[in-house]
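Could you slot chain B onto chain A? The hints should help.
Quick note, the sequences are listed as chains A and B, same order.
Residue 1 is where the first sequence starts when you use my numbering, and the numbers rise one by one after that.
Residue 1 is where the second sequence starts when you use my numbering, and the numbers rise one by one after that.
Bear in mind the hints are in silico, worked out from the structure with no lab data behind them.
Glycine included, each C-beta is placed from N, C-alpha and C at the ideal position.
Treat each hint with caution, since some may be false.
What the hints assert, rightly or not - No more than 20 Å apart at the CA atoms, straight line, and that leaves these computed lysine to any residue pairs for SDA-like:
| no. | chain 1 | residue 1 | chain 2 | residue 2 |
| --- | --- | --- | --- | --- |
| 1 | A | K89 | B | R5 |
| 2 | A | K205 | B | I72 |
| 3 | B | K81 | A | K118 |
| 4 | B | K81 | A | N191 |
| 5 | B | K19 | A | T98 |
| 6 | A | K118 | B | I72 |
| 7 | A | K205 | B | R67 |
| 8 | A | K89 | B | G3 |
Claimed, not checked - Stretch-level coverage of chain A by chain B, calculated; a stretch enters the list once three of its residues show a Cβ under 8 Å from a Cβ in chain B:
| no. | region |
| --- | --- |
| 9 | 14 to 26 |
| 10 | 30 to 39 |
| 11 | 57 to 69 |
| 12 | 122 to 130 |
| 13 | 181 to 195 |
| 14 | 198 to 210 |
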Amino acid sequence: MMNPALSQFKNEIRHFSLVTSANLVIGAVASAAGILYIIAAILGLTTNLVSPELRVIAGAIAMVCFGLGVSVLHVTLGISRGLRGIKDKIDREGPAVTDDRITCLIVQMTAFYRDIRKTLGTIILLGPLCGFCVFVLGIVIGLETFSITSSGVSFTLDNRVTILAQAITLAIVVSSLLSSHYFTKFAMAWNHRIDTIEASECTLKTTLGLDDQ
Amino acid sequence: MSGRRTVYEIYWEILVYCKTPRSFTAIINRCDLNSKTGQEYLRFLVARGYLVAVESGERASYQSTPRAAEYIALFSSLYQKLFDSGPEFRL
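Excised from the complex, chain A in its bound form (with noise of 0.2 Å):
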């Protein structure tokens, strides 16, 4: 039988591996709409647009889509080679692994938690941040009537663009914030963890007679 922390953790970084999997995608598709955006307005492609200052406000929109996606990929990049290490290793484990063979691979994802912390509350933030550019560069992209009166504000989406388009952003903003969701839920778990490991300090300085310093 599987030692219940090894099970554990194997578990725990197949998840999170599957999440930053997941970010990876969000931030790939928000930088490739804003640039696709960007390179259409460029061609003249996007005369459609009801009035040039929605190309505008959509061109900025797409400008912000873009950083926010490549910076995405970047946060999320830097995290997943460091879990690929981690995770080779679990992997490349027989079925008889030693104790502290255990004890090894988790204080090598301490360790790289405690690296990854500060960046993981940045990706926390941009991931639905990201997915809400998307959204809201979809929206102006099928808008094919739009205007504000004394009355209020009324638009109408054009179908063809809608259907499609509309149901990708609102899967992009949808994946965001469950990856946002379970980014917490992992920074979670692992804080408590920090905070035991701190508390537990005292045991192990009092054996190794450290607390008479």
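Then chain B, alone, in the frame of chain A:
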């Protein structure tokens, strides 16, 4: 092993690695330490009786003592217990 580690994690790593006699160079390479901090860690562990310097030919190597087993076991149980309680991450 690299990344941000506590001194207790580094002590544990050295002691586990030195279950069989290891040279100073092998220890600092394996534990990703520079020679200055490596010397300090080894000096501390030798002074506390957790490591012993073994002379093999011209080169000295270090080996964990039976006293180190107590620290290794305590450390392992503390770190593995992290997965027994508290919030668990799952999808």
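A quick look at each hint next to the structure:
Restraint check for K89 (chain A) and R5 (chain B): satisfied, since their Cα atoms lie roughly 18 Å apart, inside the 20 Å limit. Straight-line distance between C-alpha atoms of K205 (chain A) and I72 (chain B) comes to about 13 Å, which keeps the hinted pair within the 20 Å bound. The straight-line distance between the Cα atoms of K81 (chain B) and K118 (chain A) is roughly 25 Å, outside the 20 Å bound, and the hint therefore fails. Restraint check for K81 (chain B) and N191 (chain A): satisfied, since their Cα atoms lie roughly 15 Å apart, inside the 20 Å limit.
Restraint check for K19 (chain B) and T98 (chain A): satisfied, since their Cα atoms lie roughly 14 Å apart, inside the 20 Å limit. Distance restraint check for K118 (chain A) and I72 (chain B): the Cα-Cα separation of roughly 30 Å exceeds the 20 Å cut-off, and the hinted pair is therefore not satisfied. Proximity of K205 (chain A) to R67 (chain B) is assessed by CA-CA distance (about 15 Å); at most 20 Å being required, the pair is judged to hold. Between the alpha carbons of K89 (chain A) and G3 (chain B) the distance comes to roughly 16 Å, so the proposed pair stays at or under 20 Å and holds.
For the region 14 to 26 of chain A, the stated coverage by chain B holds: 4 residues have a C-beta nearer than 8 Å to a C-beta of that chain, and at least 3 were required. Check result for the region 30 to 39 of chain A against chain B: violated, 0 residues qualifying (beta carbon to beta carbon below 8 Å, three or more required). For the region 57 to 69 of chain A, the stated coverage by chain B is not satisfied: 0 residues place a CB nearer than 8 Å to a CB of that chain, which falls below the threshold of 3. Counting residues of the region 122 to 130 of chain A whose CB falls under 8 Å from any CB of chain B gives 0; the rule of at least 3 is not met.
Coverage of the region 181 to 195 of chain A by chain B holds. Counting CB-CB distances below 8 Å, 8 residues qualify, and the rule asks for three or more. A count of 8 residues in the region 198 to 210 of chain A with a Cβ less than 8 Å from any Cβ of chain B is obtained; the coverage claim is therefore met, three being the minimum.
The structure fails hints 3, 6, 10, 11, 12 (numbered hints given earlier, in ascending order).
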